[in-house]
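Please put together the full structure from these sequences, using the hints given.
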Amino acid sequence: MNAFDYRAPRVVDEALAVLREYGEDARVVAGGTALVTMMRQHLVRPGCLVSLRDVQGLSRIEATNGALRLGAMVTHREAEVSPLVRERLPVLAETFRRVATVRIRHMATIGGALAHADPNQDPPVTLLALDARVEVRGAGGRRELPLGEFFRDYYETALEPGELVTGITVPLLAAATGATFLKFLPRTADDYATVAVAATVTLEPDGERCREARIALGSVGVTPLRGRAAEALLPGERLGERVLQAAGEAVKGEVDPLSDHRGSAAYKREMTAVIVKRALTQAWEAARRSARGTR
Amino acid sequence: MTRVVRLTVNGTSHDVEVPTYRTLLDCLRYDLGLTGSKEGCGVGVCGSCTVLLDGKMISSCIALAVFADGREVTTVEGLAEDERLHPVQQAFMDAGGFQCGICTPGQVVSAKALLDANANPSDEEIREWMLGNLCRCTGYYKIVESIRAAAQRSRA
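Heads up: the sequence lines are chains A and B, in that order.
One gets the numbering used here by counting positions in the first sequence from 1 and adding 17 to each.
One gets the numbering used here by counting positions in the second sequence from 1 and adding 441 to each.
Everything labelled a hint here was simulated from the structure, so no lab data went into it.
Quick reminder that beta carbons are idealized off the backbone N, C-alpha and C, glycines included.
Where hints are given, some of them may not hold.
[To be verified] Within a straight-line C-alpha distance of at most 20 Å, the following computed DMTMM-like cross-link-like pairs (lysine to aspartate or glutamate) qualify:
| hint | chain 1 | residue 1 | chain 2 | residue 2 |
| --- | --- | --- | --- | --- |
| 1 | B | Lys497 | A | Asp207 |
| 2 | B | Lys497 | B | Asp510 |
| 3 | B | Lys497 | B | Glu480 |
| 4 | B | Lys497 | A | Asp71 |
| 5 | B | Lys497 | A | Glu97 |
| 6 | B | Lys583 | B | Asp510 |
| 7 | B | Lys497 | B | Asp557 |
| 8 | B | Lys583 | B | Glu566 |
| 9 | B | Lys497 | B | Glu518 |
[Unchecked claim] Just the calculated beta-carbon pair ranges, DEER-fashion:
| hint | chain 1 | residue 1 | chain 2 | residue 2 | range |
| --- | --- | --- | --- | --- | --- |
| 10 | B | Ser563 | A | Val291 | 28 to 36 Å |
| 11 | B | Glu458 | A | Arg62 | 19 to 27 Å |
| 12 | A | Gly158 | B | Asp523 | 19 to 27 Å |
| 13 | B | Val445 | A | Pro178 | 26 to 34 Å |
| 14 | B | Val445 | A | Tyr284 | 47 to 55 Å |
Here it is as structure tokens:
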């Protein structure tokens, strides 16, 4: 690794000041699982590392009106085992459980994962399906943007120079809604997905038909994607074989996977359709159970 | 550029001056002479560098020493009490949980962390917890047996 300055400020404003001082030569580090690995491989050579680990107040998980807020320094493991997340958004806790290994989940943070913007990651997929919003701070103050506008390209986000992620707000599920996350892993359990799918299904008040469905896809494009053409086929429908088949076909046109050791592009496209159908089926059944439970 | 970091390693406090790019693993091995933790893959995948940081297992090969400033580190050298092996170490000996030994320190530290968190894990819980510790010799069955035996012995 190259030589670099190291700062560990205690408040966000101080971190922002270091980012101004060093400009593009500074990199923010949270858990370090991605950044230190890239530094060891000489892919990144920062002049200064600004560590957020001593910054106060970035590690909280809180319930706020109709949503959960997770600070940027919450680790994947903390999100996975948090009683609050498990109770209010079990699909999110389950998603974090599927990331890498317990050891890496102890290190990797939510904010770090978002800023890293590797399209093979799991949590952004579920967070996208749940319509999460990213909280960002910079010299200009605080702003919030939908996760769908945050990811711009392979390893590229909407973060401006001098900005950093401070947290994420995740709305709870609406009534009569089911949500699921599926990760297709043909190799090992700690691998990146060949394709990952998160789906939510919300039922009409009659509990018999779909009112709204959201589909998010990971590892099949340069960013996590929404399957909007497939989503558009579902309102008003009962999710049976015919509709699911059509949704699976539609989603194939929305992905742009790369051929690699996890499968050819054509294989990944086919498997996206299969996993989307499976995820929608599970979300539909969970929504039906939820609707029956509340009536 | 260097920093002085204060590490409490296996209960002993050290002030160590390190280059900022020093990994925690290299600090333990080369600055403190604790060569039990091994470097396997160097990218956080294989588990042979596993140590506990404030009681939580991490990959020390992708943690910087400066990240551990002011915190407690437990390595495989910290498990035995004098000449008495930790129950996990004894069980790995008794049940044949290792062959070549390269992955063993990481396996043992991970298994200790598991039993600290869950004194009575099911086989499935053992496998899920340990899936990040790769072993090219044992085929894993004897590792799972060792951990099961250590759990039984710790409860007895």
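Each hint tested on the structure:
no.: 1; hint: Lys497/B to Asp207/A; in the structure: 18 Å, holds
no.: 2; hint: Lys497/B to Asp510/B; in the structure: 15 Å, holds
no.: 3; hint: Lys497/B to Glu480/B; in the structure: 19 Å, holds
no.: 4; hint: Lys497/B to Asp71/A; in the structure: 17 Å, holds
no.: 5; hint: Lys497/B to Glu97/A; in the structure: 15 Å, holds
no.: 6; hint: Lys583/B to Asp510/B; in the structure: 36 Å, violated
no.: 7; hint: Lys497/B to Asp557/B; in the structure: 10 Å, holds
no.: 8; hint: Lys583/B to Glu566/B; in the structure: 15 Å, holds
no.: 9; hint: Lys497/B to Glu518/B; in the structure: 16 Å, holds
no.: 10; hint: Ser563/B to Val291/A: 28 to 36 Å; in the structure: 30 Å, holds
no.: 11; hint: Glu458/B to Arg62/A: 19 to 27 Å; in the structure: 23 Å, holds
no.: 12; hint: Gly158/A to Asp523/B: 19 to 27 Å; in the structure: 58 Å, violated
no.: 13; hint: Val445/B to Pro178/A: 26 to 34 Å; in the structure: 31 Å, holds
no.: 14; hint: Val445/B to Tyr284/A: 47 to 55 Å; in the structure: 53 Å, holds
In the structure shown, a violation is registered for the earlier hints numbered 6, 12, in ascending order.
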